[in-house]
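Those sequence lines, one after another, are chains P and V.
Quick note: the first sequence uses this note's numbering, first residue 1, plus one each step.
Quick note: the second sequence uses this note's numbering, first residue 1, plus one each step.
Possibly wrong hints are sitting among the right ones.
[Unchecked claim] In silico DSBU-like cross-links for lysine-lysine, where the CA-CA straight-line distance does not exceed 30 Å:
id, chain 1, residue 1, chain 2, residue 2
1, P, K153, V, K50
2, P, K358, P, K492
3, P, K161, V, K50
[Stated by the list, open to error] Anything over 10 Å on all C-beta distances counts as not near chain P; from chain V, calculated:
id, residue
4, M1
5, F7
6, V8
7, Y18
8, I28
9, L35
10, G48
11, A53
12, A62
13, Y64
Hints were generated in silico from the structure; no laboratory data involved.
Ideal Cβ placement from N, Cα and C applies to all residues, glycine included.
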Amino acid sequence: MNNLLLLPILIPLLTAVILIFLNRFTIASRWVSALSLLSTVFVSVLLFQKVRADGIQTLNLGNWEAPFGITLVSDMLSALLVLTTSVIAFACCLYSFRAIGEEREKFYYYSILQFLIVGINGAFTTGDIFNLFVFFEVMLMSSYVLLVLGGTKAQLRESVKYILVNIISSSLFVITVAYLYSVVGTLNMAHISTRIAEVGQPGILTVIAILFLIVFGLKGAIFPLYFWLPGSYYAPPTPVLALFGALLTKVGVYSIMRTYTLFFPHDPGYTHELLGVLAVITIIVGIIGALAYWDIKKIIIYNIIVAVGVILFGVSVNTTESLTGAIFYLIHDMLIKAALFLLVGVVITITGTSNLKKISGLIKNYPLLGWMFLLAALALAGIPPLSGFVGKLLIIKSGFGAEAYWGAGIVLMSSLLVLFSVMKIFINGFWGIHRTYEKEEKAPVSWLLISPAILVIISVLYGVGAELVYPYILEAAETLANPSTYINAVMKE
Amino acid sequence: MEIVMAFVVGIIFMAATYLMLSKSLLRIIIGTGLLSHGTHLLVLTMGGLKNGAAPLLGEHAAQYNDPLPQALILTAIVIAFGVTSFFLVLAYRAYQELGTDNMDRLRGTKINE
Numbered sequence: 001m002n003n004l005l006l007l008p009i010l011i012p013l014l015t016a017v018i019l020i021f022l023n024r025f026t027i028a029s030r031w032v033s034a035l036s037l038l039s040t041v042f043v044s045v046l047l048f049q050k051v052r053a054d055g056i057q058t059l060n061l062g063n064w065e066a067p068f069g070i071t072l073v074s075d076m077l078s079a080l081l082v083l084t085t086s087v088i089a090f091a092c093c094l095y096s097f098r099a100i101g102e103e104r105e106k107f108y109y110y111s112i113l114q115f116l117i118v119g120i121n122g123a124f125t126t127g128d129i130f131n132l133f134v135f136f137e138v139m140l141m142s143s144y145v146l147l148v149l150g151g152t153k154a155q156l157r158e159s160v161k162y163i164l165v166n167i168i169s170s171s172l173f174v175i176t177v178a179y180l181y182s183v184v185g186t187l188n189m190a191h192i193s194t195r196i197a198e199v200g201q202p203g204i205l206t207v208i209a210i211l212f213l214i215v216f217g218l219k220g221a222i223f224p225l226y227f228w229l230p231g232s233y234y235a236p237p238t239p240v241l242a243l244f245g246a247l248l249t250k251v252g253v254y255s256i257m258r259t260y261t262l263f264f265p266h267d268p269g270y271t272h273e274l275l276g277v278l279a280v281i282t283i284i285v286g287i288i289g290a291l292a293y294w295d296i297k298k299i300i301i302y303n304i305i306v307a308v309g310v311i312l313f314g315v316s317v318n319t320t321e322s323l324t325g326a327i328f329y330l331i332h333d334m335l336i337k338a339a340l341f342l343l344v345g346v347v348i349t350i351t352g353t354s355n356l357k358k359i360s361g362l363i364k365n366y367p368l369l370g371w372m373f374l375l376a377a378l379a380l381a382g383i384p385p386l387s388g389f390v391g392k393l394l395i396i397k398s399g400f401g402a403e404a405y406w407g408a409g410i411v412l413m414s415s416l417l418v419l420f421s422v423m424k425i426f427i428n429g430f431w432g433i434h435r436t437y438e439k440e441e442k443a444p445v446s447w448l449l450i451s452p453a454i455l456v457i458i459s460v461l462y463g464v465g466a467e468l469v470y471p472y473i474l475e476a477a478e479t480l481a482n483p484s485t486y487i488n489a490v491m492k493e
Numbered sequence: 001m002e003i004v005m006a007f008v009v010g011i012i013f014m015a016a017t018y019l020m021l022s023k024s025l026l027r028i029i030i031g032t033g034l035l036s037h038g039t040h041l042l043v044l045t046m047g048g049l050k051n052g053a054a055p056l057l058g059e060h061a062a063q064y065n066d067p068l069p070q071a072l073i074l075t076a077i078v079i080a081f082g083v084t085s086f087f088l089v090l091a092y093r094a095y096q097e098l099g100t101d102n103m104d105r106l107r108g109t110k111i112n113e
């Protein structure tokens with residue numbers, strides 16, 4: 001029992017409520033929001049320390065015993081993800097000060113941002129499958145508002161599609177939970193795991209596993225359920241895009257990781273094989289999209305899909321080593337995607353366009369932006385010693401070890417093509433003839449560069465200091481690979 | 001009884017799917033409403049249908065009803081209600097701004113169309 005678990009959810013929630021009343025005072029709401037997210041980061045660090053020192057932490061809400069009430073569980077994986085989420089949210093919030101515009105700020109932007117963090121941190125922390133659905137809904141509802149806030153034509157048009165897709169996936173989620181409940185008669189994730197292990201995962205549970213894959217795959221944008229992502233993510237302004245790209249899809253990926261290791265490890269020949277095949281196809285379609293476009297936002301958006309594929313391939317191989325790689329890559333990708341989207345946002349603010357053919361020679365006036373983009377691009381592709389390398393190395397190595405030659409080979413090839421797709425932005429946008437742009441004078445570049453700088457520095461440290469971070473990632477992966485640790489911590493028998 | 005409910009839920013899902021595949025945005029929203037109704041009925045059925053007593057401590061009944069699916073439905077109804085009302089407002093706003101509720105004309109991903 002440890003109330004610390006609740007704080008990364010509770011602080012943003014209370015702040016969100018306070019911010020609703022502060023909407024007229026833009027400056028106050030900015031700083032309240034930033035300070036609250038900073039304290040969330042601080043609390044997440046404390047939580048991480050606690051989990052590192054004392055193992056898995058649990059909290060039974062309302063003091064109801066484990067299988068009956070809602071339990072919050074913080075193992076190493078969820079502590080790390082909550083920490084990463086808080087850092088990214090803080091960076092995006094700082095960026096929003098000068099990027100989101102006063103109109104949106106007056107209409108509860110910061111409040112909704114906090115609600116989004118409530119949903120995401122909650123989804124990472126909960127140990128109850130229906131509570132996961134509730135936190136998903138909190139997150140989705142905030143994302144609907146963030147997506148449509150501003151009310152431009154493109155935003156309205158894309159929101160309609162985004163909401164429709166998510167309503168269908170939420171209904172499927174409830175249906176799946178209902179089926180699961182009727183089979184195992186419990187909602188506590190640790191308890192579900194023991195019950196499924198007792199009956200040995202007959203056919204009906206494999207069907208439920210596939211339903212979960214569809215539900216979380218829709219959120220996480222795997223093939224063939226990624227179709228909504230490029231359009232919807234293109235519409236909102238940069239800070240929102242960075243939050244969505246870095247966090248929302250990763251919640252889906254996390255849920256697949258959790259359910260497939262905790263609930264359904266008994267029939268990997270079917271479920272994990274399917275996950276592996278879908279992951280590899282996801283990588284391929286993501287790459288095709290990333291190479292095809294000359295629009296800098298689109299290129300990075302398709303790179304989200306590639307990363308989801310790489311992580312899920314690691315999950316599908318399902319050894320401790322591959323899971324370590326997947327978690328390492330997951331955290332790396334959250335950081336670096338947020339950084340890349342924010343950097344691309346700076347480029348768009350300077351030039352007023354996202355069409356790569358209209359941009360060139362930026363490095364002359366903005367060397368810092370240029371070098372940061374280069375670093376982020378190299379990290380994304382996984383060039384050693386930057387942060388993408390270790391995760392990819394582990395995933396590929398374990399892939400070859402498990403004789404998944406095709407999959408591991410495609411992950412390997414994808415790195416080159418990812419590098420090409422982002423280098424295309426660097427070469428065409430930053431090199432070449434220097435141009436002047438209309439809005440250039442007004443762009444608050446030095447302020448906007450603070451947040452991506454924070455994220456790039458963290459990501460570089462994460463890569464260079466991989467030796468230091470590795471034990472924690474390994475611990476997270478071991479908890480995933482041996483569900484009994486998780487179950488014992490929750491059920492305390 | 002469960003078999004009958006299975007058919008009812010199936011028919012509701014069928015109608016919901018049909019409505020969601022139509023071009024008019026309003027029909028699509030009604031379809032999502034039906035979809036969530038079907039989901040709630042399904043949750044109720046999955047808990048087992050029987051004439052039991054209320055699950056209160058101290059009641060000496062032969063069998064109790066499972067209260068959990070009902071709690072789940074209550075939560076899901078509230079969420080579905082919120083989402084549907086948001087969707088309706090959004091549809092109205094989109095209609096005002098874009099001048100159409102035909103999904104065929106809401107295609108495309110370009111910003112300045």
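Comparing the hints with the structure gives:
1. K153(P) with K50(V): Violated, at about 51 Å.
2. K358(P) with K492(P): Cα-Cα ~61 Å, so violated.
3. K161(P) with K50(V): 40 Å, violated
4. M1: Its Cβ never comes within 10 Å of chain P, the nearest being 14 Å, so this holds.
5. F7: 16 Å, holds
6. V8: 15 Å, holds
7. Y18: 14 Å, holds
8. I28: Violated: least Cβ distance 6 Å, not greater than 10 Å.
9. L35: The claim breaks: L35(V) does not keep its Cβ more than 10 Å from every Cβ of chain P (closest is about 5 Å).
10. G48: 8 Å, violated
11. A53: Answer for A53(V): holds, closest chain P Cβ roughly 19 Å.
12. A62: With a cut-off of 10 Å, A62(V) remains clear of chain P, as the shortest Cβ separation is near 19 Å.
13. Y64: 14 Å, holds
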